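There are 2 protein chains.
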Amino acid sequence: MRNIKAIIQYDGKDYCGFQRQSKQGSPSIQETLEKLLSQAFHEKITVYSAGRTDSGVHALGQVINFYTKSNIPLEKIVPVLNHRLPEDIVFSKVEEVPLEFHARKCALGKYYQYHIYNGQQPTAIGRRYYYWVAQTLDEELLRRGAKLLEGTHDFRSFCAKGTSVKTFVRTLYYIRVERQDDWWTLHFYGNGFLRHMVRIITGTLIDVALKRRSLEGISIALDGKDRKLAGKTAPPQGLVLKSVYYP
Amino acid sequence: MRNIKAIIQYDGKDYCGFQRQSKQGSPSIQETLEKLLSQAFHEKITVYSAGRTDSGVHALGQVINFYTKSNIPLEKIVPVLNHRLPEDIVFSKVEEVPLEFHARKCALGKYYQYHIYNGQQPTAIGRRYYYWVAQTLDEELLRRGAKLLEGTHDFRSFCAKGTSVKTFVRTLYYIRVERQDDWWTLHFYGNGFLRHMVRIITGTLIDVALKRRSLEGISIALDGKDRKLAGKTAPPQGLVLKSVYYP
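Chains as they are written, first to last, in the working numbering: chain A, 1 to 247; chain B, 1 to 247.
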């Protein structure tokens, strides 16, 4: 038995998210991968992922692992799979790892980007990869708001309602704000992320940058531990899982 | 009566091209615009464009003009139309011009870009905006090939078969080759372009850069005035109409 670790990319627009699900409608990334891998390797394959991205969220560096009995040479896996996959899912790299490696359980940190376009009118090209905010954002306020969220906090207010986890405490090593004219990118690097956490933080920071919410409102949300105290969940298309870190 | 000139953008993926057509299937940009403008201004509106982009070709700076009896303030036109248009068509700018202005007849030059990705494996994100070439392109050969096509030539070999025009002579002011790692952009600036001309030139230059065709083959194609002597038509998704020039 071999354990294969893979870095994959996908355009999440036409998928219902990463996780396998039995409901009808658009497929999940997981079921698309499992179906294809099972066909390619002539055995039933289960895919484990570092994170379960939501419907419409993209990935450039999602990490998965799967077990196979196949002895296909490692260097053939990427071209064989990419040839069979739909255009919006791509394998970037594979390697063979010890049997105990698990993409989610072994992950030490993740890096996400959130893309915002702040022009008065939207663009027609690339619209599936950013969130358009028409009103002018205040850069200084956005940066100061981001600073307040860095560090180790209970992020319960910044987590989708109904999420069941052991603890809501996570460490955000940094939120970096990058700007080129009307194009903004928020970089999030942390040891773990709760459900919708990056998108709720982004929605809250946008409120601050539009002066709809004070900087103090961020501290109030952190302290209050109640989803109602934070801003709206920013839409999925601006979000990209860039990379996952392992020991 | 007012004559309105507009700069528009579109993602051509889900359209059958610019031109109005009665056939079934995906709509054209022109019919989408005419339907919307006629509804917004409560009168039948005809749209004239600088160029008829093909199915799947994108635009960042297509220019159109249309006549209207409406006295809507100029500054309201862009937000009103963008609010009603599908997400993949956007009005960037409008101005009122003399009645004799015609987007195609008055155009002095056009600027196109063609995007190529030359990585060993494709990317999942943004795939609708570039042509993926897996084999390694030779930069020097591509640049030298491009130089041979600059200037004033009879481009009959680089024009879709069956095109009826008065003359196949056009002037290509330049073809600039830009490269950033695996991402290539070919910039084409000329006084006019025949049907499929940019895509056939691109297909031919790719042949040269893959050593499937000699540099001499380009001169032979130019001299021979026969579509069969040039390369394949590169696919539409890499092409963008960037801007149109007027006196």
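Misleading hints may appear alongside valid ones.
[What the hints assert, rightly or not] Distance windows between CB atoms, simulated:
no.	chain 1	residue 1	chain 2	residue 2	range
1	B	K147	A	T185	52 to 62 Å
2	B	Q19	A	R144	22 to 32 Å
3	A	D181	B	K105	52 to 62 Å
4	B	H187	A	E75	50 to 60 Å
[To be verified] With a straight-line Cα cutoff of 20 Å, these simulated EDC-like cross-link-like pairs (lysine to aspartate or glutamate) come out:
no.	chain 1	residue 1	chain 2	residue 2
5	B	K93	A	D182
6	B	K13	A	D88
7	B	K242	A	E87
8	A	K93	B	D182
9	A	K13	B	D88
10	B	K13	A	D182
11	B	K161	B	D226
12	B	K242	B	D226
13	B	K93	A	D14
14	A	K242	A	E95
15	B	K232	B	D88
16	A	K93	B	D181
17	B	K228	B	D154
18	A	K242	B	D14
19	A	K13	B	D182
20	A	K13	B	E31
21	A	K242	A	E139
22	B	K13	A	E95
23	A	K93	A	D181
24	A	K13	A	E31
25	B	K93	B	E34
These aren't lab readings, by the way, just hints derived from the structure by calculation.
Bear in mind that the values here come from a model prediction, so they are computed numbers and not experimental data.
Built from N, CA and C at the ideal position, the CB exists for glycine as well.
ask   = Is it true that the CA of K13(A) sits at most 20 Å from the CA of D88(B)?
value = 14 Å, holds
task = Given the hint that K242(A) pairs with D14(B), test it: the Cα-Cα distance must not exceed 20 Å.
result = 28 Å, violated
query = Under the criterion that the straight-line Cα-Cα distance not exceed 20 Å, is the pair K242(A), E95(A) satisfied?
reply = 18 Å, holds
request  = Please work out if K13(B) and E95(A) have their alpha carbons no farther apart than 20 Å.
outcome  = Violated, at about 35 Å.
query = Regarding Q19(B) and R144(A), is the given constraint of 22 to 32 Å on their beta-carbon distance met?
reply = Cβ of Q19(B) to Cβ of R144(A): about 51 Å, so the range 22 to 32 Å is violated.
query = Lying within 52 to 62 Å: is that true of the beta-carbon distance D181(A) to K105(B)?
reply = 34 Å, violated
task = For the pair supplied as a hint, K93(B) and E34(B), confirm whether the alpha-carbon distance does not exceed 20 Å.
result = 17 Å, holds
query = K93(A) and D181(B): Cα distance at most 20 Å?
reply = Measuring from Cα to Cα gives roughly 18 Å; hence the hint holds.
ask   = Given the hinted pair K228(B) and D154(B), is their alpha-carbon gap at most 20 Å?
value = 15 Å, holds
inquiry  = Checking one constraint from the list: CA of K13(B) to CA of D88(A), max 20 Å. Satisfied?
reply    = 14 Å, holds
key: Straight-line alpha-carbon gap K242(A) to E139(A), limit 20 Å   = 23 Å, violated
task = Take a quick look at whether K93(B) and D182(A) sit within 20 Å of each other, Cα to Cα.
result = 17 Å, holds
Violated hints, in rising order: 1, 2, 3, 4, 7, 10, 12, 13, 15, 18, 19, 20, 21, 22, 23; the structure is consistent with all others.
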